[in-house]
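**Student:** Quick note on our numbering: the sequence shown kicks off at 246 and runs consecutively.
Hints are computed from structural coordinates only; laboratory data are not their basis.
It cannot be assumed that every hint is accurate.
Unchecked claim - Each pair of labels, with its calculated beta carbon distance range:
{"no.": "1", "residue 1": "Leu319", "residue 2": "Phe486", "range": "24 to 34 Å"}
{"no.": "2", "residue 1": "Ile419", "residue 2": "Thr572", "range": "37 to 47 Å"}
{"no.": "3", "residue 1": "Leu490", "residue 2": "Glu423", "range": "50 to 60 Å"}
{"no.": "4", "residue 1": "Glu438", "residue 2": "Arg390", "range": "40 to 50 Å"}
Every value quoted in this text rests on a predicted model; they were computed, and no experiment measured them.
A virtual CB, placed ideally from N, CA and C, is assigned to each residue, including glycine.
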Amino acid sequence: MVDALADGSAGTHGIIGSHHKVSLSDALLANGMLINGIEYDDTSIEGRVHPNGYCTPVALWCGNEWGVGGRDILVAYIVGIEIAIRVGAASKGTFQQRGVDIIGLSGAFGAAVLAGRLLGLDGVQMSHAQGIAHSMAAGSREFTRELATTKALHPAWAGVCGVTAARLARSGMIVPSEPYEGLYGLYRIMAAERFSQCDLSLLTEGLGETWLCGQLAVKPLPACYFLIPAIDAAIALRNQFALPLEEIRTIEVFLPRAAINTVCEPAPQRLRPQHSYAAQFSIYYSVAAALVRGRFGLEEIEAEALADPVILDLAGKVTYREDETSTFPANYTATLHVEMRDGSVYRHEEREHRGGAARPMTEAQIIEKFMANAIGTLTAENQQRVRDTVLGLESAGSVVPLLTALSP
Numbered sequence: 246m247v248d249a250l251a252d253g254s255a256g257t258h259g260i261i262g263s264h265h266k267v268s269l270s271d272a273l274l275a276n277g278m279l280i281n282g283i284e285y286d287d288t289s290i291e292g293r294v295h296p297n298g299y300c301t302p303v304a305l306w307c308g309n310e311w312g313v314g315g316r317d318i319l320v321a322y323i324v325g326i327e328i329a330i331r332v333g334a335a336s337k338g339t340f341q342q343r344g345v346d347i348i349g350l351s352g353a354f355g356a357a358v359l360a361g362r363l364l365g366l367d368g369v370q371m372s373h374a375q376g377i378a379h380s381m382a383a384g385s386r387e388f389t390r391e392l393a394t395t396k397a398l399h400p401a402w403a404g405v406c407g408v409t410a411a412r413l414a415r416s417g418m419i420v421p422s423e424p425y426e427g428l429y430g431l432y433r434i435m436a437a438e439r440f441s442q443c444d445l446s447l448l449t450e451g452l453g454e455t456w457l458c459g460q461l462a463v464k465p466l467p468a469c470y471f472l473i474p475a476i477d478a479a480i481a482l483r484n485q486f487a488l489p490l491e492e493i494r495t496i497e498v499f500l501p502r503a504a505i506n507t508v509c510e511p512a513p514q515r516l517r518p519q520h521s522y523a524a525q526f527s528i529y530y531s532v533a534a535a536l537v538r539g540r541f542g543l544e545e546i547e548a549e550a551l552a553d554p555v556i557l558d559l560a561g562k563v564t565y566r567e568d569e570t571s572t573f574p575a576n577y578t579a580t581l582h583v584e585m586r587d588g589s590v591y592r593h594e595e596r597e598h599r600g601g602a603a604r605p606m607t608e609a610q611i612i613e614k615f616m617a618n619a620i621g622t623l624t625a626e627n628q629q630r631v632r633d634t635v636l637g638l639e640s641a642g643s644v645v646p647l648l649t650a651l652s653p
């Protein structure tokens with residue numbers, strides 16, 4: 246992917262873990278895809294978005310390009326995340342129900358406001374940036390049917406759209422004044438017959454006082470967040486009871502309704518995933534791998550694990566049911582029932598997702614996650630430089646040291 250974007254592209258902007266130097270827009274695209282591509286980023290359960298796929302590249306690479314200091318970059322980054330979450334939250338899940346990927350749509354608006362803040366746009370220009378983003382935002386959930394990796398493109402492209410929108414707004418382009426609530430605005434078009442279910446008050450209610458970004462969840466595992474409670478439940482059962490795998494008859498997973506079309510159906514592609522991305526969206530494979538290995542990390546989405554006959558045999562015993570008691574979207578939830586050949590049943594439920602506000606990861610755990618993820622991509626010295634520069638970003642006059650460590 247990186248080589249494809251770098252082919253024929255010339256510039257001064259780096260790509261994480263690569264020696265390639267490309268144009269600003271290609272850097273936003275490539276880095277956004279890398280951040281979101283292994284499903285190890287973050288999630289807003291209110292907005293149902295993964296904002297770091299666009300907010301981090303725009304904040305760092307545009308902040309550097311436009312000479313913005315660390316504190317102002319952080320402020321713009323927080324504002325961009327907040328706007329993206331609110332745009333997603335106002336849809337109340339209606340976009341996903343119609344097959345629209347909210348990540349790409351809300352991301353374009355969040356990135357436009359973030360970039361506009363970095364550029365110092367005034368209020369009118371910032372409004373115009375959102376009007377322009379409305380003509381550029383895109384995203385389809387067709388990838389869920391075929392487990393295509395184009396999902397990673399959605400947040401990355403949202404970053405490119407947002408930056409373009411902010412630049413055009415600064416130039417004085419004439420734009421629609423009601424990109425959200427208009428007759429052909431975002432919600433009436435994308436929600437269509439479900440528009441009445443949207444809550445546009447969430448766009449501005451408590452804006453600047455109540456921060457939804459404070460509820461942002463950090464993924465503790467490289468998987469779709471719908472899978473993480475199920476994986477945790479499987480590991481808990483394995484650790485508590487040392488279940489003999491050969492004696493397992495069936496494994497029943499109870500999930501929220503919203504999870505079914507994302508990680509359960511269509512089942513054929515998910516039962517025997519052919520690539521890592523398919524494994525990260527498979528309730529069958531992920532639960533089986535967790536029971537077999539007692540973990541679900543980057544090694545569990547490598548080719549060797551995907552071909553493991555023990556995991557694949559156990560995956561064939563996994564079934565799912567809708568959990569009518571789930572508190573989603575307040576929490577990602579899962580309950581596992583494991584029935585043994587002798588008729589005994591073992592049960593474990595996860596009612597609050599790990600990594601969220603109720604069960605947050607500590608700073609040390611987040612640093613540990615970064616270090617483990619960076620092995621093989623960054624040198625040990627650059628890993629430490631990234632860690633130290635990120636932790637000291639608020640007082641940094643420039644992000645050059647950070648970008649240099651990321652793209653040596």
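**Student:** Let me make sure I understand: some of the numbered hints might not hold for this structure. Which ones are they, in numerical order?
**Tutor:** As far as the earlier hints go, 1 and 4 are violated by this structure, in ascending order.
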